Each structure stands twice: as C-alpha cells, then as structure tokens.
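Enquirer: Just so we're aligned: the sequence shown equals residues 0 to 176 in numbering that gives the first Met the number 0.
Some hints could be false.
As a list, the in silico EDC-like pairs of lysine to aspartate or glutamate whose alpha-carbon atoms are at most 20 Å apart [said to hold, decoys possible]:
#1 K126 with D34
#2 K126 with E40
#3 K36 with E130
#4 K36 with D123
#5 K90 with D79
Taking CB as the label site, the calculated pair distances span [stated by the list, open to error]:
#6 N41 with F76: 39 to 47 Å
#7 K148 with R66: 22 to 30 Å
#8 K118 with I58: 28 to 36 Å
#9 K84 with V31: 30 to 38 Å
#10 L62 with L98: 19 to 27 Å
#11 K118 with P50: 18 to 26 Å
If you're looking for bench data, these hints aren't it; they were derived computationally from the structure.
As the structure is a computational prediction, the values presented were derived from the model and not from experiment.
Every residue, glycine too, gets a C-beta built ideally from N, C-alpha and C.
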Amino acid sequence: MEYKRLKFINFFWKVTSSHMITYFLIGLIASVLLDYKEAFENPPMSFFMRPLNSPWVAIGPVLQVFRGLIFSIVLWFFKDIFLSKDYGWLKLWGLIVGLSILSTTGPAPGSIEGMIYTKIPIIDQLKGYLEVIPQTLLFSILLYYWSLKPNRAWNIISIILVAIIIILCTMGLLIST
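Modelling step: build the complete structure from the supplied sequences, incorporating the hints.
Expert: Here it is as structure tokens:
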C-alpha cells in the first residue's frame with residue numbers, strides 16, 4: 000500500500016509541476032503577445048475575466064496545484080495508456096484538447112458550446128487557442144518524456160521552477176493588494 004501511495008505522490012508531482020510550469024510560461028507569453036491587460040479591461044472579456052492587476056490573477060499560477068491534483072487523480076487511472084506507449088504525448092494531448100478545450104460541459108469560450116451559446120465573437124474565442132493549445136501540448140510532451148525517462152535532474156529543475164513561480168506570484172500578490 001505504501002508503494003502505491005509513493006507512486007501516486009510521484010505522479011502527482013510530475014503532473015502538477017508540469018502543469019504549473021507550462022501554465023505559467025505560456026500564460027506569461029500569451030498575456031504579453033495577446034495584450035491581456037487591454038483585452039481583460041474591455042468587453043466582451045471584461046464581463047467575465049478579472050483584470051491583470053487582480054490579486055486572484057497574481058496568485059492564479061500557484062493555485063494551479065488544485066488543478067494538478069484533479070488532473071493527477073483523473074489521469075492516474077489512464078496513465079498506462081499514454082505514458083508508456085508510442086506517441087503517448089499525442090494521445091494525452093488529444094484527450095485534453097477534446098475534453099477540456101473543445102468539448103467542455105458548459106459554454107466556455109473557445110469550446111463548441113461557447114461558440115454556439117455565447118455572444119462572444121468567434122474570433123475572440125479562437126484567440127484563446129493561441130494560449131491553451133501550446134500550453135496543453137507542452138504539458139503533454141513534458142509529462143510524457145519525464146515519465147518515459149525519469150531522472151533526478153527533472154525533479155531538481157521542477158522544484159526550482161515551481162519555487163520561482165511561487166515566489167514571483169507571491170510578489171505579484173503583495174504588489175496587487
């Protein structure tokens with residue numbers, strides 16, 4: 000039983016840190032390239048997105064640990080399908096894109112439901128793909144290769160990067176309040 004618990008904790012760390020690192024990196028790039036400051040302060044995005052100077056936005060990347068936990072629990076049961084097979088990263092990415100981006104259960108912007116039921120212009124919804132598609136692709140590739148070739152260096156690098164994210168987000172939180 001202890002072995003299974005340690006195995007899950009290891010999997011949780013790989014999933015969560017991979018998600019946090021790619022989420023932060025791609026989110027930072029997207030916020031600059033897509034001018035999120037301007038976009039989030041004006042309709043239609045201002046109706047449901049917090050401005051970039053919100054404390055919630057500042058601490059958001061740290062709170063991704065909760066999504067990491069959810070991803071870990073859900074993916075745990077399917078890990079052998081995509082982590083030890085050829086093109087496993089592609090299978091994982093397809094799963095994420097299909098269920099988390101295109102086919103959400105509610106009308107999230109960028110999803111099929113969002114394009115049908117929201118008043119948000121389709122072009123504005125498609126802009127979100129410039130962030131979520133590369134982030135989920137990078138996440139899938141990182142998790143796959145880290146699982147395929149585990150190495151202590153991956154753990155050390157991930158600990159350092161997650162610590163940097165936590166420090167930067169904490170500083171952003173302190174500045175925004």
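Enquirer: Hint by hint, say whether it matches the structure.
Expert: Outcome of the hint check:
Between the alpha carbons of K126 and D34 the distance comes to roughly 11 Å, so the proposed pair stays at or under 20 Å and holds. Between the alpha carbons of K126 and E40 the distance comes to roughly 16 Å, so the proposed pair stays at or under 20 Å and holds. For the hint pairing K36 with E130, the CA-to-CA distance comes to about 15 Å; that is within 20 Å, so the pair holds. A hinted pair counts as satisfied when its Cα atoms are at most 20 Å apart, and K36 with D123 qualifies at roughly 15 Å.
At roughly 11 Å between alpha-carbon atoms, K90 and D79 fall within 20 Å of each other, so this suggested pair holds. Distance hint for N41 and F76: a CB-CB separation of about 42 Å, consistent with the stated range 39 to 47 Å. Distance hint for K148 and R66: a CB-CB separation of about 25 Å, consistent with the stated range 22 to 30 Å. In this structure the hint that K118 and I58 lie 28 to 36 Å apart at CB holds, the actual value being about 30 Å.
As the Cβ distance of K84 to V31 is approximately 36 Å, the hint placing it in 30 to 38 Å holds. For the pair L62 and L98, the beta carbons lie near 21 Å from each other, so the given range of 19 to 27 Å is met. For the hinted restraint 18 to 26 Å between K118 and P50, the CB-CB distance of approximately 21 Å keeps it satisfied.
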